[in-house]
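Student: Chain by chain, the residues run as shown.
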Amino acid sequence: MTTDSQRRRHMIDLDDVDAEEIEEILTTTESMKEVLSREMKQVPALRGRNVVNMFFEDSTRTRISFELAARALSANVVSFSARGSSVEKGESLVDTVRTLQSLGADVVVMRHGESGAPYLVARHFHGSVINAGDGCHAHPTQALLDLFTIRERLGQIRDIKVVIVGDILHSRVARSDIWGLTRMGANVTLCAPPTLLGHSKYWLHTWPGLSISHDLDAAIKGADVVMALRLQKERMQAGLLPSLREYTRAYGITPERLAQLGERTLIMHPGPMNEGVEISPEAATSPNSVIEAQVTNGVAVRMALLYRLAG
Amino acid sequence: MKERKQILTADDIRRALVRIAHEIDERNGGLQDVILVGIPRRGVPIAERIASAIADFEGVQVPVGQLDITLYRDDLRMRGPAAQMHKTSIQPDITGKTVVFVDDVLYTGRTVRAALDAIADLGRPSCIQLAVLIDRGHRELPIRADFVGKNVPTARSERVMVHLRECDGADEVLIERTSK
Numbered sequence: 207m208t209t210d211s212q213r214r215r216h217m218i219d220l221d222d223v224d225a226e227e228i229e230e231i232l233t234t235t236e237s238m239k240e241v242l243s244r245e246m247k248q249v250p251a252l253r254g255r256n257v258v259n260m261f262f263e264d265s266t267r268t269r270i271s272f273e274l275a276a277r278a279l280s281a282n283v284v285s286f287s288a289r290g291s292s293v294e295k296g297e298s299l300v301d302t303v304r305t306l307q308s309l310g311a312d313v314v315v316m317r318h319g320e321s322g323a324p325y326l327v328a329r330h331f332h333g334s335v336i337n338a339g340d341g342c343h344a345h346p347t348q349a350l351l352d353l354f355t356i357r358e359r360l361g362q363i364r365d366i367k368v369v370i371v372g373d374i375l376h377s378r379v380a381r382s383d384i385w386g387l388t389r390m391g392a393n394v395t396l397c398a399p400p401t402l403l404g405h406s407k408y409w410l411h412t413w414p415g416l417s418i419s420h421d422l423d424a425a426i427k428g429a430d431v432v433m434a435l436r437l438q439k440e441r442m443q444a445g446l447l448p449s450l451r452e453y454t455r456a457y458g459i460t461p462e463r464l465a466q467l468g469e470r471t472l473i474m475h476p477g478p479m480n481e482g483v484e485i486s487p488e489a490a491t492s493p494n495s496v497i498e499a500q501v502t503n504g505v506a507v508r509m510a511l512l513y514r515l516a517g
Numbered sequence: 013m014k015e016r017k018q019i020l021t022a023d024d025i026r027r028a029l030v031r032i033a034h035e036i037d038e039r040n041g042g043l044q045d046v047i048l049v050g051i052p053r054r055g056v057p058i059a060e061r062i063a064s065a066i067a068d069f070e071g072v073q074v075p076v077g078q079l080d081i082t083l084y085r086d087d088l089r090m091r092g093p094a095a096q097m098h099k100t101s102i103q104p105d106i107t108g109k110t111v112v113f114v115d116d117v118l119y120t121g122r123t124v125r126a127a128l129d130a131i132a133d134l135g136r137p138s139c140i141q142l143a144v145l146i147d148r149g150h151r152e153l154p155i156r157a158d159f160v161g162k163n164v165p166t167a168r169s170e171r172v173m174v175h176l177r178e179c180d181g182a183d184e185v186l187i188e189r190t191s192k
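Each protein sequence line maps, in turn, to chains Y and C.
If you read the first sequence in the numbering used here, its first letter stands for residue 207, the second for the next number, and so on.
If you read the second sequence in the numbering used here, its first letter stands for residue 13, the second for the next number, and so on.
It is worth saying that the hints were derived from the structure and are not from the lab.
Any given hint could turn out to be false.
[To be verified] Keeping only pairs whose Cα atoms sit at most 27 Å apart, straight-line, the calculated DSS-like set for lysine-lysine is:
| hint | chain 1 | residue 1 | chain 2 | residue 2 |
| --- | --- | --- | --- | --- |
| 1 | Y | K367 | Y | K407 |
| 2 | C | K162 | C | K14 |
| 3 | Y | K239 | C | K99 |
| 4 | Y | K407 | Y | K427 |
| 5 | C | K162 | C | K17 |
| 6 | Y | K247 | C | K99 |
[What the hints assert, rightly or not] Listed below are several chain Y residues computed to face chain C (Cβ distance under 7 Å; list not exhaustive):
| hint | residue |
| --- | --- |
| 7 | T234 |
| 8 | S237 |
| 9 | E240 |
| 10 | L242 |
| 11 | V249 |
| 12 | A251 |
[Said to hold, decoys possible] Derived DEER-like restraints, expressed as beta-carbon distance ranges:
| hint | chain 1 | residue 1 | chain 2 | residue 2 | range |
| --- | --- | --- | --- | --- | --- |
| 13 | Y | S321 | C | L153 | 48 to 56 Å |
| 14 | Y | E358 | C | D45 | 29 to 37 Å |
| 15 | C | A182 | Y | H411 | 47 to 55 Å |
| 16 | C | A182 | Y | A465 | 52 to 60 Å |
| 17 | C | Q96 | Y | E488 | 36 to 44 Å |
| 18 | Y | G254 | C | M13 | 36 to 44 Å |
| 19 | C | A167 | Y | H332 | 22 to 30 Å |
| 20 | Y | Y325 | C | N40 | 53 to 61 Å |
| 21 | C | R122 | Y | E488 | 17 to 25 Å |
| 22 | Y | G361 | C | K162 | 39 to 47 Å |
| 23 | C | D45 | Y | Y325 | 53 to 61 Å |
As the structure is a computational prediction, the values presented were derived from the model and not from experiment.
Ideal Cβ positions, reconstructed from N, Cα and C, are used throughout, including at glycine.
Work out the full structure, taking the sequences as your base and the hints as a guide.
Tutor: This is the structure we're talking about:
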């Protein structure tokens, strides 16, 4: 039971969300999914509330997903990207947020290139802040939709083996997923080339239960979930990788590795995919793939969060 | 000091629900288009019990669904924490059917108002009726019940507590007074 004083105002990362609260969010998500399955996909829960999507980085799916979620709850939604806004004229983040507050925003959903930017916004905003991705730091709604999808498909999260493979060092998705998965009792293995992982001490200091591997073929043995991360092309230019082909051979979900997976092993990807690089088209469209379900579930998860924060 | 008094026993509850089951049958001249829709939490087991009473005397199984009204409440802003939701599961086509809402206690009528909004988003029943185990008065909206197990005159300061096997381990209805 949540009491008034414990009520959450912001969702910036999963590090301050315990297993019980995650469980409640996932249960609420089930109800929201039922709403989305109706012919009439709208309920009045947030009628008259103003939700502002503030995106300082490009995004298609996350932004549309949040917009649809807010609309399905009958909120008023305004989205803006940094391009063409006063931000280009040099308005600071804090000024922007104060302006949104004066305009009557109740919830700010934000994506920003700088890690930690949502904390700054939360300090200057009286409503709720939802982090839709900040720098290399966190992407909690992605992690929650991953948890929901895993539970929906496998029936549980506790004690399952999850392999996260790819550019973990720069991934906000990986960090939020690690918080969520470990809180829910999953066993997590990180698999990446050393240049895209950094010091294993860093990871093990925060999450002592993690396993770390540089051998994907060994790591996927007995895995219940294999989650591939997007490889940013600029990592190549930074000299962190010898070549894309080499990366794919060692760390891609190739048709050969697909054949090694168990029948019930889930393949996940937060999108957008570089098909043929971190994941082959065969793997992305195989029966093991739940990538489309992740996108669908994203709307329901975001409805659940908007409702819990602003309802 | 809190003082509790039992106003319905397990047997009283059973008899009241059997009577409601007969009344639903009579009022609608049969049960072919009737769907019972429980409002969580305690409306749901009550709806199931009415359905099983109907099955006993009429030999037909009327469909039972449940309707969560959390997202349709008019007091969301006034409440502290976001209320935990329940499942909604109703047969797909309710248009043209007779929907009977089932709840444990009818009080202000606001839950029923929310249920009317919620059901309208799912289809267009030809008729909606309301069955409650207890009507305790103090309506704030122009809503009344079609089938009532027991009318209980109460003061607003009193609490009516419906306990059911399925949720609470035992069947009884209590009224709680706070005396000075």
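Student: Please go over all the hints and tell whether each is borne out by the structure.
Tutor: Going through the hints against the structure:
no., hint, in the structure
1, Y:K367 / Y:K407, "21 Å, holds"
2, C:K162 / C:K14, "23 Å, holds"
3, Y:K239 / C:K99, "10 Å, holds"
4, Y:K407 / Y:K427, "24 Å, holds"
5, C:K162 / C:K17, "15 Å, holds"
6, Y:K247 / C:K99, "16 Å, holds"
7, T234, "5 Å, holds"
8, S237, "4 Å, holds"
9, E240, "5 Å, holds"
10, L242, "12 Å, violated"
11, V249, "4 Å, holds"
12, A251, "4 Å, holds"
13, Y:S321 / C:L153: 48 to 56 Å, "50 Å, holds"
14, Y:E358 / C:D45: 29 to 37 Å, "34 Å, holds"
15, C:A182 / Y:H411: 47 to 55 Å, "52 Å, holds"
16, C:A182 / Y:A465: 52 to 60 Å, "57 Å, holds"
17, C:Q96 / Y:E488: 36 to 44 Å, "42 Å, holds"
18, Y:G254 / C:M13: 36 to 44 Å, "43 Å, holds"
19, C:A167 / Y:H332: 22 to 30 Å, "39 Å, violated"
20, Y:Y325 / C:N40: 53 to 61 Å, "59 Å, holds"
21, C:R122 / Y:E488: 17 to 25 Å, "55 Å, violated"
22, Y:G361 / C:K162: 39 to 47 Å, "43 Å, holds"
23, C:D45 / Y:Y325: 53 to 61 Å, "57 Å, holds"
Violated hints, in rising order: 10, 19, 21; the structure is consistent with all others.
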